[in-house]
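Colleague: One letter stands for each residue in the lines below.
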Amino acid sequence: MTGETLTIAVPSKGRLEEETRRVFGESRLAIIRPGGARSYVGSIKDQPQVSVLFYPAAEIARELIMGTIDIGVTGSDLIHEAAENGARNVVFVKPLQFGHADVIVAVPDAWIDVVNMGDLADVASDFRARHGRWLRIATKYVHLTRKFFADHGIAEYRIVESAGATEAAPASGAADLIVDITSSGETLAANSLRILEDGLILKSEAQLIVSKAANWTPMKKAQLEALLSIMGGIPPGISTQV
Amino acid sequence: MAKTPGERRAAMIRLVESRTVTRVAPPLLLPASPYLDLAGEEFGRQLLLTTANNGVDYCLRPDFTLPIAKSYLDDGMIGVPGAYTYLGPIFRQENGTPVEYDQAGLELLGQADPDAALDQVLTFARWALAIYDITEPNVRIGGVGLFEAFLGAMGIAPQWQQRIRHRFGHPTSMRRLLDRLTAPRDTIAGTAPDARETIIEIVTDNMLAAGLSLVGSRQPEEIADRYLEKQALDASPIPEEMVQLLVEYLSIIDTPTRALDKIRLMTQRAGLNIEGPLQTVRNHAAALQALSPKADVIFDASFSPRLDYYTGVVFEMTSERGAILASGGEYDRLLDRLGAVEPVAASGCALWTDRLEAEASR
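One line per chain: the protein sequences are A and B, in this order.
Going by our numbering, the first sequence opens with residue 915, and the numbers climb by one from there.
Going by our numbering, the second sequence opens with residue 890, and the numbers climb by one from there.
So here's chain A without its partners, still in its complex pose:
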């Protein structure tokens, strides 16, 4: 973006967009989207130095990591998933108290012998000898899954990438278990899936996130500080040093 304009990306649709507008509105920062839901560029009322982009939440995470936008609102899970070390390139400035969800490991409820990751490690270790194929995990969280399973010493599995309806994968035969996001656990229960005792990978919520990789001129830094102070300041212990 142009040198001295602060670029902020917000989710372009759905509940995330509504909640983002509400939170910004409460700080008297009304987000304006002149062309309605079809437009992807907007602004904030009385803040001419800020330019607003409407992007899908996953894209906001990628752009923050690459530094093509300055600030963004997206789920922390998406930052961790977008790149293996994505979180290193950003600063989580402010949790926004919406979009709560957990990334979890869930197995079919019928697996009564599997209650924790240790059990899963044992099942994975001889799965291939028993079934002639690797244990399969359906997920869209490829990076998070690989890291979590590596931390638990589990290497004997394959990931089946799933774009949607991951929770249906065990019943459809596409995978044996899943790594997915859940907020209430209802969808999991409806699909007879059970979260492992120590199967919580990440607690996620929507956050205001600053890109470390963006081009931070002194002017833009000052604008960032001003914007953050309007939004109620920065929680203690978090530095905006970018």
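Incorrect hints may appear among the rest.
Below, a sample of chain B positions facing chain A; criterion: calculated Cβ distance under 8 Å [to be verified]:
1) Ala928
2) Glu931
3) Met1096
4) Gly1100
5) Ser1102
6) Arg1115
7) Arg1195
Have a look at the derived ranges for each label pair, beta carbon to beta carbon [unchecked claim]:
8) A:Gly1078 <-> B:Gly1105: 14 to 24 Å
9) A:Gly1078 <-> B:Ser1191: 52 to 62 Å
10) A:Gly981 <-> B:Glu983: 12 to 22 Å
11) B:Gln1168 <-> A:Gly981: 54 to 64 Å
12) A:Arg929 <-> B:Val945: 34 to 44 Å
13) B:Pro1126 <-> A:Lys1126: 47 to 57 Å
14) A:Lys1126 <-> B:Pro920: 53 to 63 Å
These aren't lab readings, by the way, just hints derived from the structure by calculation.
Quick caveat: nothing in here was measured; it's all calculated off a predicted structure.
We treat Cβ as the ideally placed atom computed from N, Cα and C, and that holds for glycine.
Once you have looked at the hints, place chain B on chain A.
Modeller: For chain B alone, kept in the frame of chain A given last:
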């Protein structure tokens, strides 16, 4: 007189092209599935992948060992001793970034005397390091075979052995398991009657209700059996003194002589006999220490690569600053995994020539 990088490179080429070995150059572009089949997702995340239009995944050569072992089998070489060397680039992803490394190495397959083969590999690694003026490296050796023998001698349930073996070389998950063993607790979900038939029935009903196939994945019998096995294992935990012995074993790290003496003493005291495997490690350590100039050798009882095809003695040579310059060992199970119809002894090592050159030109 100081050597130039070009001279060191030339010496390295002479080493990998010496008379007793065959230098090979596997293709840069390889099918990805053998790697994923062998090492699963954990290694898979390091591959640089590309997908052909027909959906088949390929990767840029991430190592030399697998393609060398595979062509040994494909070319029908079983029964023929092979000594293969290599020198060239490999490609990986690390921390989300593609990287190109230069690697050299030696693989000895199907040698008549596997112990002599491992000593040759150790000597080869020392020679290669010496080209880069690293004449006294730090060497860490580990005993995969020794640990397996130790576990086998402990007289504990085979399922426990399997679970412990599976975590060897991964300190975090080993610690978790040991914690669980020292503080046993009932981790069975819910309550169910203990009759196998009843459990199978319950699991079957549950699977049908959930729309799960009874044959596509884990089957009701398998789940019930493992459930009962868990109950049985929880009811007969590993004796406390054996857990203590295991903890003690894994904490041993010392000069080979002292470390192996300690292991001998503690196993003898516990009435376990692992004399044979102990002597094997002792001999290799002695052969390594006989090479001059003397390297700084330690035996680390908990050291093992995280690939389960390693079998006997494994090693790692590092610089003063801790960079891994060479690593390898015995990997008899690799060719078996690749479908060899009879056992093929294998030892080898890989050398990180970029790091070696960086050390030499410091």
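Colleague: The structure should be examined with respect to each hint, and the outcome stated for every one.
Modeller: Here is how each hint holds up against the structure:
With its C-beta approaching chain A no nearer than about 7 Å, B:Ala928 sits inside the 8 Å limit, and its interface hint holds. Checking B:Glu931 against chain A by beta carbon gives a least distance of about 4 Å; that is within 8 Å, so the hint holds. With a least beta-carbon distance of about 4 Å to chain A, the hint placing B:Met1096 at the interface is held under the 8 Å criterion. For B:Gly1100, the suggested interface contact is upheld, since its CB lies about 4 Å from the closest CB of chain A, less than 8 Å.
Annotation: interface hint on B:Ser1102 holds; nearest CB of chain A at approximately 5 Å, less than 8 Å. Against a cut-off of 8 Å between C-beta atoms, the interface hint on B:Arg1115 holds, since the closest Cβ of chain A lies about 4 Å away. Hint on B:Arg1195 holds. Least Cβ distance to chain A is approximately 7 Å, under the 8 Å limit. Remark: the range hint 14 to 24 Å for A:Gly1078 to B:Gly1105 is upheld by a beta-carbon distance near 21 Å.
As the Cβ distance of A:Gly1078 to B:Ser1191 is approximately 43 Å, the hint placing it in 52 to 62 Å is violated. The hinted range of 12 to 22 Å is satisfied by A:Gly981 and B:Glu983, whose Cβ atoms lie roughly 21 Å apart. The given range of 54 to 64 Å is respected by B:Gln1168 and A:Gly981, whose C-beta atoms sit roughly 59 Å from each other. Between A:Arg929 and B:Val945 the beta carbons are some 40 Å apart, a value that agrees with the proposed interval 34 to 44 Å.
In this structure, B:Pro1126 and A:Lys1126 meet the distance hint of 47 to 57 Å, their C-beta atoms being roughly 49 Å apart. For the hinted restraint 53 to 63 Å between A:Lys1126 and B:Pro920, the CB-CB distance of approximately 39 Å leaves it violated.
Violated hints, in rising order: 9, 14; the structure is consistent with all others.
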